[in-house]
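Peer 1: One letter stands for each residue in the lines below.
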Amino acid sequence: MTSTAKAVSLHLCIIVVLFALNFLLPEYHRGILSRVMVLSVFAMGYNLAFGYAGLLSLGHAMFFAAGLYGAGLTIYHLGWSAWPALAAGLGAGAILALVAGFLALRTRGVAFMIVTLMFAQAFYLATLYFTTYTRGEEGLVLPQSARNLSFPGANLDPTVPATRYMLALALLTVILFLLLFLVRSSFGRALVAVRENEERMRMLGYDVFANKLAALVVSGVICAAAGAAYAILFGYAGAGFASIQYSILPLLWVLLGGAATTLGPIVGTLFMFYAVDVTSSYTNAYMLVVGIALILLVLYFPKGIAGAVRARWLPWLP
Amino acid sequence: MAFGPYLLLAGLEGLVTAAVLALMALGLSLVFGVMRVVNVAHGEFYMLGAVLAWWFASLVSGHPALGFLLALIASPMVVAAIAFAADRLVLRRLNYEPEATIVATIGLLYIIQQLALTFYGPEARPVQPPFDMRLSLPWFGYSAYKLAVIAASACLILATWIMLTRTRAGLLMRATQSDRETAQAFGIPVDRVYAGVFALGAGLAALAAVLIVPIQQAHYLMGQDPLLLSFIVVIIGGLGSLRGTVVAALLIGLSDGIISMFFSPTLAKMLATLLVALVLVFRPQGLFGTAAR
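Chains as they are written, first to last, in my numbering: chain A, 970 to 1287; chain B, 13 to 305.
If you're looking for bench data, these hints aren't it; they were derived computationally from the structure.
Do not take every clue at face value.
Residues from chain B that face chain A, not an exhaustive set, calculated with beta carbons under 10 angstroms [to be verified]: (1) GLY16; (2) LEU19; (3) LEU20; (4) LEU24; (5) LEU27; (6) ARG105; (7) VAL115; (8) LEU121; (9) LEU127; (10) LEU159; (11) THR285; (12) VAL293; (13) PHE294.
What you are looking at is a predicted structure, and each value in this text was computed from that prediction instead of being measured.
Even for Gly, the Cβ is constructed at its ideal location relative to N, Cα and C.
Please model the entire structure based on the sequences and the hints provided.
Peer 2: Below you can see the structure in the form of structure tokens.
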């Protein structure tokens, strides 16, 4: 088999396994897995910027929150139905990523991290400032009737656990294959080359800024898709999702799973979710777990789980 | 109260903020300047300084000045020792690579915060000021301790500056800052200088916290806002420039005190954050920095 065929069939296998798990898992774990799938879409979006293009952003929570509020506010205040609200979330993410990227990409390295961090912090403060509309930390609980996704011939209600699981899986599938296609395309290869040697790419005649901006916008839109899906599937939009913590978490998930691998973000998110779930049954010190995991990862496993698998056993892993 | 005295009060409050902020930002700036490390855990060293100050002060009975004095000496030492260990155990093994160290200090932030929450608890606790005196101005009374904080901070900044420019340790630090490899070639123990600077930076943050803790209470989340503010100060002052840091701390502290007295603090913080991000975008060397890198 060629490496492309291997890669595509591995990804298909994973989707099939996730599909089958819907019927095998007990209720509690099915709920967790739905959440993990939506959040790993967030991590995948982050991975495109951080893993492939080498843009270490500390502000991706703002893109997730843009999707979350783009969908949540239009549903809650304007009474939009789920599809237009989803589109509003994606649009909000795209515009924000375009503006933030246009400004922040004038800097690089440490300055880029701090600028993205500050943009995200300003966004978070804005969600608190406009508390009349967003209800701040308390958040909005979206009415069930507005969250129905109407398809021709069917009306899917995300409050039903199985439907919610399938919708999350559908989103994951679309984004996973989109990214698989993107990172193997010439655009994806150009991003990796920019990450490895920006000067050389510039000398070869590539527009480095445009490539990075495109990466950040696609990344922002994917994160916004995760946010909007979260609002619609779980019916909640709160300022907590815009806080700094939600900029750090995707970084942690991607580092753990393996930066610049398509499957790494899913592995990392799943692993971390269960690590926190298991430890929180013994102690409520989950921040300690996150902190120690971050330090151990950068010290001993800078490539993450999927990165180590690729380095050791499966060199074709995308 | 008339507008004039009101502004004076806001200015004094701003000056107290600026004094503490300058001390804390000085630590951040030193660490960035010499080691090129963005220490995200700096705010947690500040918090740890305040929490330890409460603990040390509660050990001593008798006059509150005794407990405060013990805290003033012991708390920065303990925090510096923790920072020293963190440098040895984590940062040095990462070779001070900028991106890896940011991730590692984020990890450190979570660990310190969680440990403080577990062992100190979610309550905010006060420390008795060493002396309780009010200066009566014609319009309002003002705590003498707050003025002492301003004076103490000024002295400490001056001491740091003298240490950097007049002593051998400062010379080693400046040599390492300007060129790490050449410094190493001249036999300067760069590793030890780095560990020392990281400990010194953390110690300065802890000192700032001990000074402020009789005014604000010690709380496990108290490091977050000062961290952001000191980032702002260090960036506006020009990364790694000490004079710029002090000037910017005055600017930010005063305007923060005055703006948040007249406008919503959330709005003030939001605008300040955006403004600083834009400064960094359009003038990466800071408002007062000169050397473009």
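Peer 1: Minimum Cβ distance from B/THR285 to chain A below 10 angstroms?
Peer 2: It holds, given that the least Cβ distance between B/THR285 and chain A is near 4 angstroms, below 10 angstroms.
Peer 1: Verify the interface restraint on B/LEU159: the C-beta must sit less than 10 angstroms from at least one C-beta of chain A.
Peer 2: Violated - the Cβ of B/LEU159 stays beyond 10 angstroms from chain A, reaching only about 32 angstroms at its closest.
Peer 1: Verify the interface restraint on B/LEU24: the C-beta must sit less than 10 angstroms from at least one C-beta of chain A.
Peer 2: violated (26 angstroms)
Peer 1: For the hint on B/ARG105, just tell me whether its beta-carbon gets within less than 10 angstroms of chain A.
Peer 2: holds (6 angstroms)
Peer 1: How about B/VAL115: closest beta carbon in chain A under 10 angstroms, or not?
Peer 2: holds (5 angstroms)
Peer 1: Does the closest beta carbon of chain A sit nearer than 10 angstroms to the beta carbon of B/PHE294?
Peer 2: holds (8 angstroms)
Peer 1: Let's test the interface hint: is any C-beta of chain A closer than 10 angstroms to that of B/GLY16?
Peer 2: violated (30 angstroms)
Peer 1: For the hint on B/VAL293, does the least C-beta distance to chain A fall short of 10 angstroms?
Peer 2: Status holds, d = 5 angstroms.
Peer 1: Taking 10 angstroms as the limit, does the beta-carbon of B/LEU20 come near enough to a beta-carbon in chain A?
Peer 2: violated (29 angstroms)
Peer 1: Should the hint that B/LEU27 touches chain A count as held when the rule is a Cβ pair under 10 angstroms?
Peer 2: violated (25 angstroms)
Peer 1: Please verify that hint: B/LEU127, Cβ, nearest Cβ of chain A, below 10 angstroms or not.
Peer 2: Cβ of B/LEU127 sits 7 angstroms from chain A, so the hint holds.
Peer 1: With a cut-off of 10 angstroms on the beta carbons, see whether B/LEU19 makes it to chain A.
Peer 2: Constraint on B/LEU19 not satisfied, violated at 25 angstroms.
Of the hints listed earlier, those the structure fails to meet are numbers 1, 2, 3, 4, 5 and 10, in rising order.
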